[in-house]
Amino acid sequence: MFTYNFKQLISLGLLLVIANTACRDIAPPLPEGMMDPNMVRTPDGAIALYRGALSQTQNGLFNYIQFSGLLSDELTVPDPSGPPGGFDPRIPIVSPSLYAQLHAIRNQARQARLALTTYAPATPSSLRGELYAIEAYAEVFLAEFFCSGILLSTVEFEGDWTYSHRFTRTEVYEHAIALFDSALTLSVDSARIYHLASIGRGRALVGLEQFDEAVQSVQSVPTAFIYGLPFNSERAALDFRSSTASVADREGVNGLPFRSSNDPRSASREIGRSQSGIPQFLPRKIDAVGQGGPATPMFVVASGIEARLIEAEGALRNGEISKWAGILDTLRATAGAYLIPPVGSLPAISDDSTTLASDSLRIDVMFHERAYWLFFSGHRQGDMRRLIRQYGRDPESVYPTGFYGPKGPLLGYRYGESVVGLVPDPVKPSKDACLNRDA
Amino acid sequence: VIIDGVRHYADQSDARNVNLAGRTGDNMYIVPSPLDQIDPNSIETIDVLKGPSATSLYGSDAANGVIVITTKRGKAGRTEMSLAVDQGISSMPGKYPEGIYRYGTRLTGSTRCDWDDLSCSFDSIVRFQALNHPKYTALGRGYQSRVSTSVSGGVHILKYALTGSAGSDEGILKLPEVEVERFKRQHGYSVPVWMRRPDRYITWGVGGSFQAQVQPQLNITLTSNLYHSNQRKSSMTVEGVSRLLTVAPEEIAPTRIDSVSLLNNFYEKVIAEMLTMNTSARLQWQATPWLPITATAGLNTQQRTDQRFLPPKLVSKGRDTAGDYGTGRGTVLTRSLNIQTELLSFRDRVRIFSGVNYINRSIADVTVSLPYTSSIPSGVSTPLVLEGRERISGQTTFGWYVEPKLNMNSRFFVIPGVRLDNNGLSGRGAGFTGFPKMNFSWVASDEPFFPLKNTISMFRVRMAVGAAGTQPRPAQRLRLLTIDTMATLPAMYRGGVRIQELGNTKLRPERSQEVEGGFEAELWNGRFVFGFTGYRKNRKDAIIQRALDPSVSVNGDIPQVYTNLGVVRNTGFETSISSSIIERSELGWNVSLDLSRNRNVIVKLNPGQEGIYLRDGTIAAVGYPISGIWERPILGFYDKDQNGIIQKQEVVVGDDEVYLGRSEPSFLTNATTRVTLFGGRVSFNTSVAYTHGLTQVNKAASTSASDPLYLAANDPSASFTDQAGAAVRSETAYAWIQSVNTVRWQWLSVSYVVPPKLLGAIRARMMSISLQGSNLLLKSNYRGKDPNVNAASPDSHGVLDGGQLPAPRVWTMRIQIGS
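If you're matching them up, the sequences are chains A and B in order. Going by the numbering used here, the final residue of the first sequence carries number 441, and the count climbs one at a time with no gaps. Going by the numbering used here, the final residue of the second sequence carries number 808, and the count climbs one at a time with no gaps.
Isolated chain A, as found in the complex (with noise of 0.2 Å):
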């Protein structure tokens, strides 16, 4: 048996005042700089879900353009460091960043979509269907960029994540075209977002040599129209300068002459030479405000220029040769005003005839118009895919080839066969999952 003083009781009950209140104050703690996922579940947090989606497709897509520059003839980097590797040479590598920055795009937006449905079921459902049609666009990217065998894996929303099988690049199309649809439906209330969903549908379409459906999801869209997504032009200039990368004139044999031709809607500048002297050209769309670059930076996604593109591929395909010509020599004399930056009216293209002789020609003319107005947007690259699998031109007569950079000959550097990013293994990320290369 035991007796307590005033003293003891005093020194019992402080601790178990302690332990009390150290038992209600436990904080809930999180990492450094991380949020609290309870804050997004309202509505102004589901509509910063959707701002953070357009920031993530805007950082994504830099890179997308960056990269699919390099395997295409649109950038190069003048002076590699070494023996031939990555994209620029055509080396067949497993590089999982793109292909995971892609899939981010996806993810982020389909998460923001989920949230908006959720919690802010009130705001206009054309910013789903904007969402949507950002997914949409990163499965195209995904498409055009990498081989078949993609998985479009889904996050769910607060919860686990589902593996996908693998899609063939059809199948990643048709599934483009499936939220491109979905997009549609919901921007009713928004000619804005219709028309990027209207652009990227025919995109898609393109992709699957639909033409006269492309031509029909793109005619409702006004020349004019842009949609962008604004970017910080001297931290972009600053990433392009580390990245190594140049505007390539000429890239290996085959490659436009981007510098060159001289041609405003490639117009470039030289930012600095490499150790070895060789100069580096910095693309004037994402040149700093200042630098004669636009005053609005924006990274295009889809605009109206491409409708009349689609739409002019899509007279070509049927054997109209004066309403192709007559749409490139109307964007050609009015269009230069929807670029960012803008430029002033070029001379037609039917002013001279030889470039319209043959089939052949009307081709090359076509993809170079394509390749001009669609400058440094990421077209390029899904574009020579298409030469080769719609136009059955030969890959070594549309990507770079031959040595490799400017010691190429005399180290007997030259570039590889591949014009395609291959697919990570899901298991085994440092081997490729490709269900075929073919472009």
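Hints in this document: simulated from the structure, not taken from any laboratory. Glycine included, every Cβ here is placed at the ideal spot set by N, Cα and C. Fair warning: there could be bad hints in the mix.
DEER-style ranges, computed between Cβ atoms [what the hints assert, rightly or not]: (1) B/Glu599 x A/Arg43: 35 to 45 Å; (2) A/Gly279 x B/Gly98: 17 to 27 Å; (3) B/Ala237 x A/Thr336: 49 to 59 Å; (4) A/Glu419 x B/Ala237: 25 to 35 Å; (5) B/Gly643 x A/Gly279: 54 to 64 Å.
Once you've looked at the hints, dock chain B against the given chain A.
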């Protein structure tokens, strides 16, 4: 780490183990830990607690052990003063492996030839290593100095101890002489000191301890220590040394060295400054004859100011930098309260101890920086982009434990116990988690029936059984979000929220059971002491990080999640033998030998985890360790075209990785011996360590074009095996995997205690002079500089062996005076 009862966190989370001023991926900017700051001379005792006892007293996050440090305390009596002065000099022992460079001719003339370049007609091989050359090396002499002093004394009711110290350590890294000259020619002024000698660590500390006997039943101890450290490093530490390691002879030709400097872009100064204050109050109160209470309240404040600076206009050839600056400030507050009491005592047979621990830690950091860029396009306006980040987090742990100590017959002790933890990591309302334990101890040699008492003076057997658990952290379990606040972001994105971490909402707590047993034996009155501890720990639902397919990426990175892998078993033993071989006044000789081994193995995998890749490339498979080395094997090769050269297409590489060994040694041994002469006035101490069977992927060699094995490609004079390994190096590092054995002479010290009769002139009570050398000799089959720096880190930019400096050899002279 617990200093004077106050909890210190050696790892402040991943985000704080790097410089707060940005560039978080660089592993060179690791900030000092509490153990780096504290003056060794101010320490009175260091205790290490491991196993279930550590968990029971300090909670589940102490399951891997606790270091308990007590600083100096005063003793009643005459005032005692001491002064210790250390002066040291350091250098890199031995030579770096030579690089081998092949030269030949092409149509264009003489040139250095890549090994893969069959168009080059080889004619000569040159061996060169810039790090071994006095003009080009970045390795020089380092200097260390430290002064420590203490004063202590007092009377029975008030005792005190005051300590103070200051030290500086200048590292061995230096700017190569040729770079110093080039810099002056190019820029017109001398190289700043921080570029010339980038590595420096300056520290000072003061401390005081006061013990007051307020009442016969009440003793109060106040302790406060203030430490300051300033660590300076440069990017040359990692990148510069790596660069020099592979500099080819033609790169140092006078015609090139002015235009292409050896270390372009590798001049970034990084400073990590830290002020730590550790204050504690300890109260020992005998409330009643049967209720002693001990309470310790502590406050640890850590303030950091980190900076990095890349000077402008350093780089030539049109790539002038505009400079780059970043700063970060951070504060960590750790508040702790420990109360222990003896609830019940019954004739020394039963004593029940109980206590509570409360720890609250808050972290607040802010970082402002210009983003790192190697160069800025000319014409881009400056200042450029300002990034700001703020991190705030907190964590509270509350624990209660009870530990009855049952003394059966003064020879057999049973100590059961249970701890209840409410750890903040579990989140609000997660409830208490219980960790039971049971200790047994039997001093068999005290039993009447124990035989051989004349030979075995003490024999004690002990055993401990305990359970612990690890709750998933929020970042492991929750889908976490981040908010875009950068000022440079276009307005429409600002305030946007993105998913940053996928998380694993199905992650369960990890549970572990540990059994530890062993014995201690003293033979011939302590002349021979033998100890053994064996342990086995089963981790059920072990929480391990794994990679996911990029198709579920949410932030653009390859997604990583934590998963409950299955059952992982850790087994091992530690044994020590020490002997006083000679115990005479004129000569004494002690020898001790430690041997240890640790093994982990996956015993069972949860469904869906078979064959997955863990974060470091290890494959999860039953019967294999969680940190094994796996690689695609070379199955065979055949010189099909009979040209004497094995080319890539003539080598067969297996599709699937195979297990090649453990990334931890088979066993570690450490031998220490001490010889004393002339009644202990002169003593010699030395220690040698042996590490056996450590499997390593020598990635530095596999990626270095100057590594001999790498150069075997297309070399008809090399063996076919070496040629095959080099030919497929881009597919597999199989040829660079080694089982490494290492003998290291760790240290040697010689001490002399000056006889009292010689101390009269300086009125000192004692004086000793000692000389100590460390890292004296390394013998290893490792093909590289030092196997300890072959650390493969995903954040190290691929720079491995060459980018990290091994521990230097240090000789230190020490004079200690006491009065």
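Checked hints:
Taking 35 to 45 Å as the suggested C-beta distance range, the pair B/Glu599 and A/Arg43 conforms, at roughly 37 Å. As the Cβ distance of A/Gly279 to B/Gly98 is approximately 20 Å, the hint placing it in 17 to 27 Å holds. Distance hint check: the CB atoms of B/Ala237 and A/Thr336 are about 57 Å apart, consistent with the given range 49 to 59 Å. For A/Glu419 and B/Ala237, the Cβ-Cβ distance of about 31 Å falls inside the hinted range of 25 to 35 Å, so the restraint holds.
With their beta carbons about 45 Å apart, B/Gly643 and A/Gly279 fall outside the hinted range of 54 to 64 Å.
Hint 5 alone, counting from the list given before, is not met by this structure.
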